[in-house]
Amino acid sequence: SAVISQKPSRDICQRGTSLTIQCQVDSQVTMMFWYRQQPGQSLTLIATANQGSEATYESGFVIDKFPISRPNLTFSTLTVSNMSPEDSSIYLCSVQGTGIHEQYFGPGTRLTVT
Amino acid sequence: LAKTTQPISMDSYEGQEVNITCSHNNIATNDYITWYQQFPSQGPRFIIQGYKTKVTNEVASLFIPADRKSSTLSLPRVSLSDTAVYYCLVGANTGFQKLVFGTGTRLLVSP
Chain A
1 SAVISQKPSR DICQRGTSLT IQCQVDSQVT MMFWYRQQPG QSLTLIATAN QGSEATYESG
61 FVIDKFPISR PNLTFSTLTV SNMSPEDSSI YLCSVQGTGI HEQYFGPGTR LTVT
Chain B
115 LAKTTQPISM DSYEGQEVNI TCSHNNIATN DYITWYQQFP SQGPRFIIQG YKTKVTNEVA
175 SLFIPADRKS STLSLPRVSL SDTAVYYCLV GANTGFQKLV FGTGTRLLVS P
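Top to bottom, those sequences are chains A and B. Residue numbering for the first sequence follows the working numbering, starting at 1 and increasing by one per position. Residue numbering for the second sequence follows the working numbering, starting at 115 and increasing by one per position.
Since the hints were made in silico from the structure, they are not lab data. As the structure is a prediction and not an experimental result, all values here were calculated from the model. In this text, a Cβ means the ideal position worked out from N, Cα and C, and glycines have one as well. Treat the hints with caution; some may be incorrect.
Some chain B residues flagged as far from chain A (calculated, every beta-carbon gap over 10 angstroms) [what the hints assert, rightly or not]:
no., residue
1, Ser-126
2, Tyr-127
3, Gln-130
4, Val-132
5, Thr-135
6, Ala-142
7, Ser-155
8, Gln-156
9, Gln-163
10, Pro-179
11, Ser-184
12, Leu-213
13, Val-214
14, Thr-217
15, Ser-224
16, Pro-225
Quick list of in silico lysine-lysine cross-link-like pairs, BS3-like style, CA-CA up to 30 angstroms [stated by the list, open to error]:
no., chain 1, residue 1, chain 2, residue 2
17, B, Lys-166, A, Lys-65
18, B, Lys-166, B, Lys-212
19, A, Lys-65, B, Lys-168
20, B, Lys-183, B, Lys-212
21, B, Lys-212, A, Lys-7
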């Protein structure tokens, strides 16, 4: 399994500002993923990030709002831009495991926008 | 990806066996069934996966009937620490398949 850390663990931000969330993995992985989990809700995939290529965004998520970087095989960042209270959520990164549909998740970043 | 239906919530007491059933009527031939567990303030954790019949590991058992239109996650002798949300996912084993999380089942274990 992989060990994943995220920074920050939580933050409170003002509307209109941006926050960059970091995801660090303890091993090299090809595919990394970013999810959003709104309060009391299930997880929704934002995008898939492969090293060396542009991230692939899911319907309803755009690069201008959620730019993603993937500079190497152990690290990725997700920026939440021009935030509004509706962006208050937990943001989680994950990496592909060895099994079918097996992913390892980070602890999440709890974002509150005021 | 096959749509899944689970109970929204379940209650149990310590020491009991808990069975959570997931319906996936439109499951395809090459689909696998995967369950994740999410504790409060943590990311989901892969717990078990199966294709047919029964799979057992140190955490749970997964029962899949012959028609594969449903599956049951069985947690033996639950403890308070099993309080979590349990997600059932269905998807093919061909190439990369993104995870699509449904609503999940919120299990509350009481003393």
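Okay, the hints, checked on the actual structure:
1. Ser-126: Non-interface label stands for Ser-126 of chain B: nearest chain A Cβ at 21 angstroms, farther than 10 angstroms.
2. Tyr-127: Answer for Tyr-127 of chain B: holds, closest chain A Cβ roughly 24 angstroms.
3. Gln-130: 26 angstroms, holds
4. Val-132: Holds: least Cβ distance 20 angstroms, greater than 10 angstroms.
5. Thr-135: 18 angstroms, holds
6. Ala-142: Check passes; 14 angstroms lies beyond 10 angstroms.
7. Ser-155: 7 angstroms, violated
8. Gln-156: 6 angstroms, violated
9. Gln-163: Incorrect as stated: the minimum Cβ-Cβ distance to chain A is 7 angstroms, not above 10 angstroms.
10. Pro-179: Non-interface label stands for Pro-179 of chain B: nearest chain A Cβ at 20 angstroms, farther than 10 angstroms.
11. Ser-184: 18 angstroms, holds
12. Leu-213: Leu-213 of chain B is in fact no farther than 10 angstroms from some Cβ atom of chain A, at 6 angstroms.
13. Val-214: 7 angstroms, violated
14. Thr-217: Thr-217 of chain B is in fact no farther than 10 angstroms from some Cβ atom of chain A, at 6 angstroms.
15. Ser-224: For Ser-224 of chain B, whose nearest Cβ neighbour in chain A is about 20 angstroms away, the distance exceeds 10 angstroms, so it holds.
16. Pro-225: Nearest chain A Cβ is 24 angstroms from Pro-225 of chain B, so the label holds.
17. B:Lys-166 - A:Lys-65: With a Cα-Cα distance of about 42 angstroms, the restraint between Lys-166 of chain B and Lys-65 of chain A is violated, given a limit of 30 angstroms.
18. B:Lys-166 - B:Lys-212: 21 angstroms, holds
19. A:Lys-65 - B:Lys-168: 44 angstroms, violated
20. B:Lys-183 - B:Lys-212: Holds. Lys-183 of chain B to Lys-212 of chain B sits at ~21 angstroms (cutoff 30 angstroms).
21. B:Lys-212 - A:Lys-7: 24 angstroms, holds
Checked against the numbered hints listed earlier, the structure breaks hints 7, 8, 9, 12, 13, 14, 17 and 19; every other hint is satisfied.
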